[in-house]
Structures are given as structure tokens and as C-alpha cells.
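With these hints in hand, go ahead and build the complete structure from the sequences.
There are 2 protein chains.
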Amino acid sequence: MIIGELNPHLRLLLGPGPSPVHPRVLKAMSSHVVGHLDPDYLAVMDDCQQMLRQVLNTRNRVTFPVSGTGSAAMEASICNMIEEGDTAVICVNGVFGERMADVAGRYGAKVIRVDAPWGRPIDPQDVKKALDAHPGAVLVGIVHAETSTGVLQPMEEIGEICRKHGALLLMDCVTSLGGVPVEVDKWGVEVAYSGTQKCLSCPPGVAPITFSERALGRARERKGKVKSWYFDVTLVEKYWGQERVYHHTGPISMSYAIREALRVVLEEGLEKRFARHALASQALRAGVEALGLSMFAQEGFRTPTLNTVTLKPGVEDGAVRRRLLNDFDIEIGGGLGPVAGKIWRIGMMGHGATQANVVYLLSALEVIFRQMGYTGSVGSAVAAATRVYAEAVS
Amino acid sequence: MIIGELNPHLRLLLGPGPSPVHPRVLKAMSSHVVGHLDPDYLAVMDDCQQMLRQVLNTRNRVTFPVSGTGSAAMEASICNMIEEGDTAVICVNGVFGERMADVAGRYGAKVIRVDAPWGRPIDPQDVKKALDAHPGAVLVGIVHAETSTGVLQPMEEIGEICRKHGALLLMDCVTSLGGVPVEVDKWGVEVAYSGTQKCLSCPPGVAPITFSERALGRARERKGKVKSWYFDVTLVEKYWGQERVYHHTGPISMSYAIREALRVVLEEGLEKRFARHALASQALRAGVEALGLSMFAQEGFRTPTLNTVTLKPGVEDGAVRRRLLNDFDIEIGGGLGPVAGKIWRIGMMGHGATQANVVYLLSALEVIFRQMGYTGSVGSAVAAATRVYAEAVS
Numbered sequence: 000m001i002i003g004e005l006n007p008h009l010r011l012l013l014g015p016g017p018s019p020v021h022p023r024v025l026k027a028m029s030s031h032v033v034g035h036l037d038p039d040y041l042a043v044m045d046d047c048q049q050m051l052r053q054v055l056n057t058r059n060r061v062t063f064p065v066s067g068t069g070s071a072a073m074e075a076s077i078c079n080m081i082e083e084g085d086t087a088v089i090c091v092n093g094v095f096g097e098r099m100a101d102v103a104g105r106y107g108a109k110v111i112r113v114d115a116p117w118g119r120p121i122d123p124q125d126v127k128k129a130l131d132a133h134p135g136a137v138l139v140g141i142v143h144a145e146t147s148t149g150v151l152q153p154m155e156e157i158g159e160i161c162r163k164h165g166a167l168l169l170m171d172c173v174t175s176l177g178g179v180p181v182e183v184d185k186w187g188v189e190v191a192y193s194g195t196q197k198c199l200s201c202p203p204g205v206a207p208i209t210f211s212e213r214a215l216g217r218a219r220e221r222k223g224k225v226k227s228w229y230f231d232v233t234l235v236e237k238y239w240g241q242e243r244v245y246h247h248t249g250p251i252s253m254s255y256a257i258r259e260a261l262r263v264v265l266e267e268g269l270e271k272r273f274a275r276h277a278l279a280s281q282a283l284r285a286g287v288e289a290l291g292l293s294m295f296a297q298e299g300f301r302t303p304t305l306n307t308v309t310l311k312p313g314v315e316d317g318a319v320r321r322r323l324l325n326d327f328d329i330e331i332g333g334g335l336g337p338v339a340g341k342i343w344r345i346g347m348m349g350h351g352a353t354q355a356n357v358v359y360l361l362s363a364l365e366v367i368f369r370q371m372g373y374t375g376s377v378g379s380a381v382a383a384a385t386r387v388y389a390e391a392v393s
Numbered sequence: 000m001i002i003g004e005l006n007p008h009l010r011l012l013l014g015p016g017p018s019p020v021h022p023r024v025l026k027a028m029s030s031h032v033v034g035h036l037d038p039d040y041l042a043v044m045d046d047c048q049q050m051l052r053q054v055l056n057t058r059n060r061v062t063f064p065v066s067g068t069g070s071a072a073m074e075a076s077i078c079n080m081i082e083e084g085d086t087a088v089i090c091v092n093g094v095f096g097e098r099m100a101d102v103a104g105r106y107g108a109k110v111i112r113v114d115a116p117w118g119r120p121i122d123p124q125d126v127k128k129a130l131d132a133h134p135g136a137v138l139v140g141i142v143h144a145e146t147s148t149g150v151l152q153p154m155e156e157i158g159e160i161c162r163k164h165g166a167l168l169l170m171d172c173v174t175s176l177g178g179v180p181v182e183v184d185k186w187g188v189e190v191a192y193s194g195t196q197k198c199l200s201c202p203p204g205v206a207p208i209t210f211s212e213r214a215l216g217r218a219r220e221r222k223g224k225v226k227s228w229y230f231d232v233t234l235v236e237k238y239w240g241q242e243r244v245y246h247h248t249g250p251i252s253m254s255y256a257i258r259e260a261l262r263v264v265l266e267e268g269l270e271k272r273f274a275r276h277a278l279a280s281q282a283l284r285a286g287v288e289a290l291g292l293s294m295f296a297q298e299g300f301r302t303p304t305l306n307t308v309t310l311k312p313g314v315e316d317g318a319v320r321r322r323l324l325n326d327f328d329i330e331i332g333g334g335l336g337p338v339a340g341k342i343w344r345i346g347m348m349g350h351g352a353t354q355a356n357v358v359y360l361l362s363a364l365e366v367i368f369r370q371m372g373y374t375g376s377v378g379s380a381v382a383a384a385t386r387v388y389a390e391a392v393s
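One line per chain: the protein sequences are A and B, in this order. So the first sequence is numbered by numbering that gives the first Met the number 0: it starts at 0 and just counts up by one. So the second sequence is numbered by numbering that gives the first Met the number 0: it starts at 0 and just counts up by one.
What the hints contain is simulated information worked out from the structure, not anything from laboratory work. One or more hints might be untrue.
Using 30 Å as the maximum straight-line C-alpha spacing, the simulated DSS-like pairs for lysine-lysine come out as follows [to be verified]:
| hint | chain 1 | residue 1 | chain 2 | residue 2 |
| --- | --- | --- | --- | --- |
| 1 | B | 224 | A | 224 |
| 2 | A | 163 | A | 128 |
| 3 | B | 341 | A | 237 |
| 4 | B | 128 | B | 109 |
| 5 | B | 26 | A | 26 |
| 6 | B | 237 | A | 109 |
| 7 | A | 109 | B | 224 |
| 8 | A | 109 | B | 222 |
| 9 | A | 224 | B | 222 |
| 10 | B | 26 | A | 341 |
| 11 | B | 237 | A | 237 |
Residues from chain B that keep clear of chain A, each with C-beta distances beyond 12 Å, as calculated [said to hold, decoys possible]:
| hint | residue |
| --- | --- |
| 12 | 15 |
| 13 | 39 |
| 14 | 86 |
| 15 | 109 |
| 16 | 112 |
| 17 | 125 |
| 18 | 164 |
| 19 | 180 |
| 20 | 197 |
| 21 | 215 |
| 22 | 216 |
| 23 | 220 |
| 24 | 297 |
| 25 | 358 |
| 26 | 362 |
| 27 | 385 |
A virtual CB, placed ideally from N, CA and C, is assigned to each residue, including glycine.
As C-alpha cells, this is what we get:
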């Protein structure tokens, strides 16, 4: 079989990620490659570290993009902190909390789960109870914005509880970083990781991570080596730090990409960026409700970056999403696990969180809903969303 | 500090990798991103698998690029095959054999080393002796082309020995794939992995891997889960296979890159490509010897893709390489570990293995050698290399 020229459809990416990539990032990625120990690449590494610290709101020295996707960074954070037989409290209210529990278990942790129903936040008091019951627990793992449910977890109180109990706080901020405030140092987070393909609007392939000095101390004082050589932070930090000890060949082009993505983020400014995400989400919500659908995640605990929508009876999940993709080139996400077929996940992330995208999606949905006989009226959703934007400027 | 526009030097990459990237690959990487479950991306995944099977000479169903660099693929191959307490025979004659032994040990293997001096191949009889002494050994791990020494390991006899002993053969072909013949099925290799940034001339960031059905059986029949969730082939194969079960978000842009790189490789044709590498290496060697330097790796066991050169007394390693980089924009590699300061590693890899690059490098070295007073005569190295090319066409 002859493999032809690459020619993917030009999609509007409004699912749970990847999100639309800024053209400047695509351009940076096509820059000529230099060696992984070239002075020019070392400067790129330094730039990435410096900008990541700003975006994560941390002074942690060891802050860099892992050479893998967000799931690789989850693994890197856990495998460095957990030793066989450690007790770890893992908060689970969706797929990514489940994954964290799975990964911690694989590396030998005795996992104490703190559960909450899908669509609801973790109750900080449940974390406190778990730590009271297991005073030797070494860490608490939690997802800031759960990509499977759209729940945004308040972090302050949980950070305070961990501090009092002396447990390390490990946070997944894959779907929050760059779209809502992420305050690593202020919240007392000791290890945090993210992805690039959400609100940083960079293609997937590298993933931000940060370790506090206390977390690094824990990695260095382990009884045995970290199981993973690739993710062993005690080795990797010597390549990213001033020693520049070769570890593995860095993913040069993806480093170019995240560097440019971070420049775009910081040029816009974090506050302005958060406001843009919040407004897009608010407008989207107004439109979705005008369509007769409702929001899935509990009010007051919704991340604007990933909007979960409960389908009303009769709306055919697969058929609508297929039409969106095939007739409108729009991707949105379906539900995972227990909510498969029951919810949609609509990303308003990074470069994609715009008025243009909100109204085009709603307009497309109104056309499809009419075609499929779900509703007689057309226009109320785009109107509702536009009113939100109009109010914001008046 | 303001982070400015990305503007790396335009280097000629003749070190141990990354190698020069074909402009078509850079262009493919800047293509717009689609979702990781988009039909267009699933087709890209299929294309990559199909072309990787051709390049690796294997019919293995589970053949795909790992979402990480070559070292990630090393880890992925070992962590799936090794369980706590397994005995593994690891061949060590350079940095990457050492790394393999380290990784296997981290995942709980009792490592039986088969050593050979740096610059020399592994003696197949030593592998046989190790397997005779440890009949329960589950695998033999070996590096096909050792990036730290330039040694090319003959694989047929070792494959035969493994077959007779019932041990799995696990092969690193990072620096050989695409530059010299790699025959996974014919040699009886059960797990093989490579990198992209060597003779495939793709930026680093993904890494080919292949598992035989026997190797997959071993992964499925483990007593415990694979320690690494990210690299667990029993999960990853369901995303790359027809089930399309979401595992992690694929590195879309890097998938575009390897797809285009493989197209370039197969358009040229493997035989023609191997001949081009061999000729460039032969010409380089003629020039290097005309400079009064000698080859480091044992004759008859040299990979043309990475040429190791022993410095003669008086030649200052660091000073020459700095001049090459700063005055000529050429990167070559220095020695690692015990041969640091004593050898150079000159890559003739993929898109970089050309007459133009050979003569420019030699010409630059002749100028530097004259400047630094190492030699009085200038011109003999480029002449020697050019004669090799002239003979090849006559």
C-alpha cells in the first residue's frame, strides 16, 4: 500500500484535548533541530523552566517539561515519590483519579482511596479523615480539574490539611494549567504536573512537572532506586540543572513548541487569559441551557476549561458528535466510563476559548438539533451566548 | 527577563544524534493538529505501524512508536518483559548496554552481565556460556549498534543461541535502524526498539518498538501488573490495535513527523539507503586516516552510522569541537565515560550521510588542524574522501 501525503482535516478541537494550537507554536516546531547539548538548546531549556515557574506560580528549582505526555508526567510524579509499601491517599472522582490510584498501586503503594461521586468535588474533610486514620501516609494525590467530569477541586483547604499532617500534596493540573489559577507554592503543593495540549495550546508530547525541595529530598533518600530510569528525577534534574549531565536526548522540537506556547501565554497574561476562559465557558453554558441541556458538574465546582453537559432524553450522543465532526469539522468529547453516552465534554481551552468557537459550535448544534428533530426553535442558543459576550463589554 | 523569538543556529548535526532532519519532516510537524481519536489520526497511526514493520523487517502486529525518546523505548521493552526476581543476561560493551543493565535491575531483574571491552563486539560464545550457567534466564538484552563506541554487533549467531536456550532476545537498534540492515524476524529478535533521531532523520520524541506474539504472551501472563502504566504494552496495544481503547493522548505532531520520516526512508529504499550510509562512512574514514587519526571500533565490527575516531596525541578534544561548532556550525560528539577526551563520535546518519557533509567536515577539520599546528599539509583528507566517491561511480 502506498502511503500518501499527510493531509488531515482542519478540525476545530473543542474536546477534552488536544486543543487548538496557536500558529506560532506550529511554526516554532518546524524550526531546524540543534543537538540536545547545543548551547542554543540549553538556552531553550532554561527559557522553558523559567516560564513554567511563572505559569505554575512556583519558585521550585526543579520545574521542567517531562519527555512524554501528561500521563507520563503523572507516572514521573508518582514513581519518584512512592516506594514499595508506602501508604498513599488518592482522591478519586473520575478517570484520572482512578489512573493515579492504579499507578500508585503499581509502584507498590498501599492506596487509601478518598472517593466522591463523578461530577462532585472531593470533600476536604474526607481527606482529613483518611489522614487521621492513616497517620503514616506519605502523600495525598488529587486531580485539580478532572478531565472526565469537568469538576474543579478547591485546593486551599486540602493543602492546609496536608501541611498539618505532614503529607506531601501531589496535584494533577493537566486540564487547569493556563486556564484557571494554579498556585503551586501558595497551596502547598509539593509535586504538580500538567499537560501541554489543554490550556497551554501546545501539541501533546511534553508535560510540565515541578518538584519542591522537600519532594526532591524524598526522591534522594529512597531506600532503593526509582523503578523508572527514564523518569528518575534524581538523574533528570542533573540534565535540566546547571550540571548538564546527559540523561536522555531531549525532544528538541517539542521543546521549541512548549517554549513558544509559554511565550504566547505570558504575552497575553495569566489574569486576562483566565478571564477569557471564564467568559467563553459562561457563554457556552448559556447556549447549552438554551438548547435544553444542563451542566453535569456540580455548580460552584466547574472548571471553565472543560464543560460537561448532560444530554436530555432522546439526544443521540454518537449521532450528534459524528455530524459535528463530519459536517462541521468540530470535535467535542463524549463521556467516559459510567457516563459514556450520557454527557459531552466541551473544551474551552487555551487558544480555543473564543467567542468565535462558542458561537460556531452552538450554531452547528442548533442546525443538527433541528435536523434530528430535537427542537423546533433555532437561534436561541447562539443568541444567549452572544448576550453573555455583549454584557461583558458593556 | 524577556524571552525572545526562537532563533537557534543552523547546525550541521554530525554527532551521535539528533541527525539532520529532512525539510519534509519539519513541514509535516507543523501541520494542524487533530484529536487523538480522530479518524484521520487513527489512519496516521496505521500508516506508522505499517511502515515501521517494513523498516524493522518484521510481521509483528504490535509495532508502533512509543510516546517518548529512545530511552523511553528501552524502558518500555524491559519493564514489560521483566518481573521481580527474573534472571536477565545483559550484554555490556558501552554506555547503552550499561543503561540496559541498570534499567533491568531497577525492575527487579537479577542481571547477569556479559561484558566486552569498549570498542569490541560481544562474543556470542560468552552469551552461550552465560545461558548455560543460568538456564532459567528469561531474556538476553543486547545493543545492535553501540552509540558510545560505534561497534556493530553481528546478531545472527546470538539469535540462534537464544533460540536454542529458549531465552527472549531483546535488541536495541537505536543507532542502526534505517542505516544498516535490521532484521527483527530473521534474527529471532522478540523485542526491539529504536530511536527516531538517528538514521530515520526525525526529531527525537517518539521511538519505534516491536513485540513478537511470544513477547506479548509473556507480558500478559505476568504474575503482577507491569510497574509502569505509561509503558504497559498490554494497555497500549489496545489503543494502537483495532480496539482503539483510549490509553494516553498520542503525541500527534511527532506522529506526523515519524510518518513523514518513514515515507522518506521507504521512498529512497532500504538497500539504497544502506549503501549511501556505507559509502559516506568509507569516505569519512579515508579522510580521517589522512588526518593521521585512526578508527576506534574494532575492524569488521564498525557501524557506518556512527564513526568513532581515536585522537592522536596532542589533538585537543574540546578545543577542536568548540571551533567546529562556533566557526563552522558543525556538531560532532565527544567520547563518554572511559573514552571521554580520547575519541570523537561522528554520525553519518539518515539525511546527514552525504558527500557534501563528509567533505565539509573534513575540510573544516583540515583548516582547524592547520590553525592549531597539528599538521602542515592541508587537502589530503578531502582528497581522500573525494576519491572514495569517485571510485564508487566509476
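Consistency of the hints with the structure:
1. B/224 / A/224: 19 Å, holds
2. A/163 / A/128: Satisfied, since the Cα-Cα distance of roughly 13 Å is no more than 30 Å.
3. B/341 / A/237: 24 Å, holds
4. B/128 / B/109: 17 Å, holds
5. B/26 / A/26: 9 Å, holds
6. B/237 / A/109: 28 Å, holds
7. A/109 / B/224: Answer holds: residue 109 of chain A to residue 224 of chain B is near 15 Å, not above 30 Å.
8. A/109 / B/222: It holds: about 18 Å lies between the C-alpha atoms, which stays within 30 Å.
9. A/224 / B/222: 22 Å, holds
10. B/26 / A/341: 40 Å, violated
11. B/237 / A/237: Since the Cα atoms of residue 237 of chain B and residue 237 of chain A sit roughly 35 Å apart, the hinted pair is violated (cutoff 30 Å).
12. 15: 9 Å, violated
13. 39: At about 4 Å from chain A, residue 39 of chain B fails to clear the 12 Å cut-off, so the statement is violated.
14. 86: 18 Å, holds
15. 109: Nearest chain A Cβ is 15 Å from residue 109 of chain B, so the label holds.
16. 112: At about 17 Å from chain A, residue 112 of chain B clears the 12 Å cut-off, so the statement holds.
17. 125: Holds, since 25 Å exceeds 12 Å.
18. 164: It holds; residue 164 of chain B is separated from chain A by about 27 Å at its closest Cβ, greater than 12 Å.
19. 180: Correct as stated: the minimum Cβ-Cβ distance to chain A is 22 Å, above 12 Å.
20. 197: 10 Å, violated
21. 215: 19 Å, holds
22. 216: Label holds. Min Cβ-Cβ 20 Å, cutoff 12 Å.
23. 220: 17 Å, holds
24. 297: It holds; residue 297 of chain B is separated from chain A by about 25 Å at its closest Cβ, greater than 12 Å.
25. 358: 21 Å, holds
26. 362: Given that every Cβ of chain A is farther than 12 Å from that of residue 362 of chain B, nearest at about 21 Å, it holds.
27. 385: 27 Å, holds
Figure legend: structure checked against the earlier numbered hints; hints not met, in rising order: 10, 11, 12, 13, 20.
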